[in-house]
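A.B. asks: Going down the list, the protein sequences come from chains W and C.
Position in the first sequence counted from 1, then plus 203, gives you my numbering.
Position in the second sequence counted from 1, then plus 1278, gives you my numbering.
Note that these hints are calculated values from the structure, not bench results.
Just so it is clear, the structure is predicted and the values come from calculations on it, not from any experiment.
Warning: the hint list may mix true and false statements.
Interface residues of chain W toward chain C, partial, derived using beta-carbon atoms under 10 angstroms [unchecked claim]:
| # | residue |
| --- | --- |
| 1 | Ile-274 |
| 2 | Ile-276 |
| 3 | Asn-314 |
| 4 | Asp-315 |
| 5 | Ala-316 |
| 6 | Phe-318 |
| 7 | Glu-347 |
| 8 | Ser-352 |
| 9 | Phe-353 |
| 10 | Val-357 |
| 11 | Ser-359 |
| 12 | Glu-363 |
| 13 | Ile-393 |
| 14 | Ser-405 |
| 15 | Gly-488 |
For each residue, glycine too, the CB sits at the ideal point set by N, CA and C.
Spelled out from the first residue to the last, the chains are:
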Amino acid sequence: MWNETFNILSVDLLRRHTVGSESSLRRIIVCLKQAVDVSQLKVDPATRQLITTSAPRKISDFDKNALEEAIKIKEKLGDTEICTVTMSSEDAKPVLREALAMGADKAYLINDASFKDVDTYGTAYILAQAIKKIGEYRLVLCGETSLDSFSGLVGSRLAELLGLPQMSSVRKVSVEGEVVTAERTLEDAIETVRAKLPALVSVTREINQPRIPSLMMIMKASKKEIVNWTATDLGSEKEKLGSKIEIMEVLAPKTERKKIKITGETVQEIADKLAKALIQEGVVGR
Amino acid sequence: MSEGKGVWVFSDVYDLTLEMLGKGHELADKLQTELAAVLIGGNVQEKANELIKYGADKVYLVENPALMHVQIEPYLSVLTNLAASYKPEIILIGSTKNGKPLAARLATRLEAGCVPDCARLDVDEQRRLVGERITYGGNAVAKIAFKTKPQIATVPARAFEKPQPKERNGQLIKLDVKADAPKTEIVETKPLETSSVKIEEAEVIVSCGRGLQKKEDKVLLDELSVVLHGQVGSSRPLAEDRKWFSEWVGLSGHKVKPKLYIACGISGVIQHVAGIRDSKVIVAINKDEQAPIFEVADYGVVGDLYQILPALKEAIKKQLQ
C-alpha cells in the first residue's frame, strides 16, 4: 500500500526524471478512443439489436475536448510534444489523421484483434503500458467518458495504474511550472484543485470547443507519424486482458409511449384538449 | 478475492447511501447475506444509527480528520483496506463526481470488474450481480454480469427508492484505518449557482430546446411552470452552446424522472431522450412534425410553442378551478 513518504518520493523521482534526457521537451499524452458515432446508429426493429458494424466511427467527443485542451496548453507553453494514444481492436488510422490535423504531433495506435472483448480494466492496462513505453510525460489528458459506451472509468483506472494524481470532471485547466490547477464541476460546487506534475486530468465537454482543422492542417498532418503497436510489442500479460465482466445483452430500449397527437382547429382547442388529458393523467394539479 | 460475503454500500452523498440501502437490502435478502454501510468522514458517527434504521445490518465507521474532505487517495486507501479485510461480494458505490473515480480505482486496485451507472440491479441464479445501464448514447440498454469479486457497481442518484426507516438492530464497527495522503490539494470550493431546487427533484419539468428563439422568451416556460408547480429545464445546446442555462437535461446532464415532462421546441436527439425516459408522462410541442421527440411522447402537439404555451397555461388554470 502507498504511504505518504512513498508518494512524496515518487513525485520527486518522476520530476527529476522529466528534466533528464529530453529536458527541453514537455510531453502531453492524450488518450483517444475511436468510438461508434452514436448519432448515426441504426437499430434492427425486429430484434432491437444495434447495427454497430456499419455505423461510422469517429474520435469520441470528450476525447476531442481533451486533445483541444492539450493543443491550447502547447500554444501557451511552447516546446511541447502532443502524443495521442489509442487502443482499438479495429484499424483507427483514419480518425487518428484527424487528431494529427487538429494539432497532435504523433499518434500511437495499439491495434490488436484480441482487444475485442477487453473491458475498462484491460483498456486502461494497455494504455498504461503504451504510455510507459512512450517515455517521460508531464500530463495525461482524457475525456471524462466515451461517446459510445459512456462508462467513464478508463481515466480513473489509468490514473491508478500509473500512480498519478487525478483530477476528474474538469472544466478548466492550467499548467504553470511544475503545477497543474483545475476546476472540477461537482454536484453542487466548483472545486479548484492542484497537483504536481505529472498528473492525469479528465475533461468535460464544456471545457472548450474543439477546432476544425483547415485544409492546410490536414495536408500537413499527412507527413506526421502514426506508430502502430500490438499487445505483444507492449509485453502485456495476457491474463490482464481477460474481461472481468460479461456483457449479456445490448438492446434498444422498448418505448411504451401513447404517442397521441393532439389536434384542433384553433390553438385554444388544442390547449384545452391537452390540459384535459394531463389533468386526467393525474399529473397536473395537486 | 474469490470468496466473499455481504453487500456493501458507500456514497459521499448521504441520500444516495440511503437509496442504495433499499436496493442493497433486496440484494442481500436474495443472497441470504448481510447488508453493510461504509461510513467514512471527519465527523460522521451520528449518522450510523440512522443507516441501521434504513436497513444496514452493520455499519463500518472510519472517522479521521484527514477524511473531512472527499479526496481520492485517502478515501481509496480506506475502502481498499476494508474490502481486502472483510471481502464483501458486492460493493455499491454512489455514482457521484467523486464516487465514480473511487469505484473505478477501487476496482483497479482489487483487479476487479466495475459496472457504472446501474439504473437496475439484480442477482442471477449463479449469485452474480447483474446491472443494467444506458449505453451507446441512449440507443441501448446493456445488461452486464460480473466474472470477478468483489462486484463493484456504481448507482446514480434517484435510481432507487429510499426505504422506510424503522427501529431495528444493527452493529456499529468502529475501525482505525490509516488513510493515505492526498496527491491533490483542494484550493477552493465554491457553491454552484444553480436553482435552489434541484431539477431531478421536480415533479413537473417544462423544458425548452432550440425552438426557443431568444433567452428572454424563457418567460413563457416560467409562467407555465408556475401554474404546474414545476421547474424549467433545457436541452444541451441551450446550455452548452448558447449559455442561456447553467445546466441541462440529458444523458450528459441531468437524468430526470418527473411525473410530467413537457418538451418545447426540443427535437429529441437520443441523448436527450435518454435523460427523460423514466418520466411518467411526456408531452412534446414542436413545429416540425418529423421531430423524433414525438416518437417518445405520450402527447404530441405539432405547433408553435409561442402560441401553445400561453394557451396551455390559461387552459390548465381554467380547468383546475
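A.B. asks: Each hint: holds or not?
C.D. replies: Cross-check of the supplied hints:
1. Ile-274: The hint is violated - Ile-274 of chain W has no Cβ within 10 angstroms of chain C, the shortest such distance being about 20 angstroms.
2. Ile-276: The hint is violated - Ile-276 of chain W has no Cβ within 10 angstroms of chain C, the shortest such distance being about 18 angstroms.
3. Asn-314: Result: violated, 22 angstroms to nearest chain C Cβ.
4. Asp-315: Where the cut-off is 10 angstroms and the nearest Cβ of chain C is about 21 angstroms from Asp-315 of chain W, the hint is violated.
5. Ala-316: This hint is violated: Ala-316 of chain W lies away from chain C, its Cβ roughly 21 angstroms from the closest one there, beyond 10 angstroms.
6. Phe-318: 17 angstroms, violated
7. Glu-347: Holds, because the Cβ-Cβ distance from Glu-347 of chain W to chain C comes to roughly 9 angstroms (cut-off 10 angstroms).
8. Ser-352: 6 angstroms, holds
9. Phe-353: Holds, because the Cβ-Cβ distance from Phe-353 of chain W to chain C comes to roughly 6 angstroms (cut-off 10 angstroms).
10. Val-357: 8 angstroms, holds
11. Ser-359: 4 angstroms, holds
12. Glu-363: Holds, about 4 angstroms.
13. Ile-393: 5 angstroms, holds
14. Ser-405: 8 angstroms, holds
15. Gly-488: 5 angstroms, holds
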